[in-house]
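Enquirer: This is what each chain is made of:
2 protein chains.
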Amino acid sequence: MYKGLLFVVSGPSGAGKGTICKQLAKDSNIDLSVSMTTRDPRPFEKDGVSYYFVSEEEFFKVRDKGGFLEYATVYGKHYGTPKDAVMKKLEMGRDVVLEIDIQGALQIRKNYPAGIFIFILPPSMSELRKRITGRGSESEESINLRLGEALKEVSYIDKYDYCVVNGDLSEAVSRVAAIVKAEHSRVSESIYELIEQYRKEL
Amino acid sequence: MYKGLLFVVSGPSGAGKGTICKQLAKDSNIDLSVSMTTRDPRPFEKDGVSYYFVSEEEFFKVRDKGGFLEYATVYGKHYGTPKDAVMKKLEMGRDVVLEIDIQGALQIRKNYPAGIFIFILPPSMSELRKRITGRGSESEESINLRLGEALKEVSYIDKYDYCVVNGDLSEAVSRVAAIVKAEHSRVSESIYELIEQYRKEL
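Those protein sequences? They're chains U and W, same order as listed.
Take 1 as the starting number for the first sequence in the numbering used here and just add one per residue.
Take 1 as the starting number for the second sequence in the numbering used here and just add one per residue.
Treat the hints with care, as some may be off.
Any copy will do: because identical chains look the same in the list, a pair fits if it lies in one copy or spans two.
[As the list claims (entries may be wrong)] Quick list of in silico lysine-lysine cross-link-like pairs, DSSO-like style, CA-CA up to 30 Å:
| # | residue 1 | residue 2 |
| --- | --- | --- |
| 1 | Lys159 | Lys77 |
| 2 | Lys77 | Lys200 |
| 3 | Lys3 | Lys152 |
| 4 | Lys181 | Lys110 |
Just so you know, the hints here were simulated from the structure itself, not pulled from any lab data.
The shape of chain U in the complex, shown without the other chains (with noise of 0.2 Å):
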């Protein structure tokens, strides 16, 4: 049976991963995963469409079962990819996007070897600097420790299968979309099918 693909996409903040799966679901017949959280919604954030939002509780009962593909906290908060909902569609034959940390996305790595990792970067650390400060006030010193943090993230670029340097958001959503396309064309089992009624065909 046709099963559809998992696309992890991830990189440093302000490499712009959030804008890149947003149009491409946008564009294509991929789903966007939707994670699960403990923190409260900001104003316009609707449950089950940027999150999931739950209680520590509920959030531990699913860890609990191994109903994660990856999680993490940040901040005493807690964020996790729920595996049911994804592996659903999956078997639906639908393709999901996951946007999603270098930490989160490793732990999918092991959890399920058949995704393909994107990494997403920015055209130089200038631009970088230029978006993290465009976003609002942060002081000059929070400023440079988010890039040395993203120079560190993007020492774990050797752990991906494809990187796109995001300096034109339209180029960089054609290129994922590229991959997306190829990917599909991997001699995989389905072709198995296609060569079995050549067969019996002749």
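With chain U fixed as given, assemble chain W onto it according to the hints.
Expert: Below, chain W without anything else, positioned relative to chain U:
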């Protein structure tokens, strides 16, 4: 230094690999490799465009000094892919596409493992029969032989990285173009130069 990529396209006769490669070379920034042969040029075939037409003596001279990426003999005529011409383009950063039979592709797998191998499939055996029949005046027996041959060739598909079903030509070309684009986004040595630049910027 950035190097071009070598794409090797094969598939059974009638699958449409020639048309796909020509269209790809026309649409995109990729060079079609020109083979060397000892067969006579047909009318309208130009030396250096369709083939390099050479004498047996010249062919053997190239072969004996290891000058072919692959070579084969078909009906007493020799065909080979000149290594130097391909390597020079790759070194210059140009992509090269080779349209070649399965035996040749397997030789290239050994001689140039960095190549990317794409198998072109017909949508069905009845469609392949139609295409072969449409070409001219082959006997029913010879057509059946060729279909049997095609089925044997298809069993080598697991030596390939990608396969593209050529039902609709423009869809097939766009799939191969997506593979080319995706392969340029592979995590490779050239990305480490960019990361080195990041480091210098910080």
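Enquirer: Given a CA cutoff of 30 Å, do Lys77 and Lys200 count as a within-copy pair, a between-copy pair, both, or neither?
Expert: Classified as neither; 57 Å inside a copy, 35 Å across copies.
Enquirer: Have a look at Lys181 and Lys110 and pick one of within, between, both or neither, based on CA distance no larger than 30 Å.
Expert: both (24 Å within a copy, 27 Å between copies)
Enquirer: State whether the alpha carbon distance between Lys159 and Lys77 is at most 30 Å within one copy, between copies, both, or neither.
Expert: within (26 Å within a copy, 47 Å between copies)
Enquirer: When no copy is named, should Lys3 and Lys152 be tagged within, between, both, or neither for a Cα gap of at most 30 Å?
Expert: between (35 Å within a copy, 27 Å between copies)
Checked against the numbered hints listed earlier, the structure breaks hint 2 alone; every other hint is satisfied.
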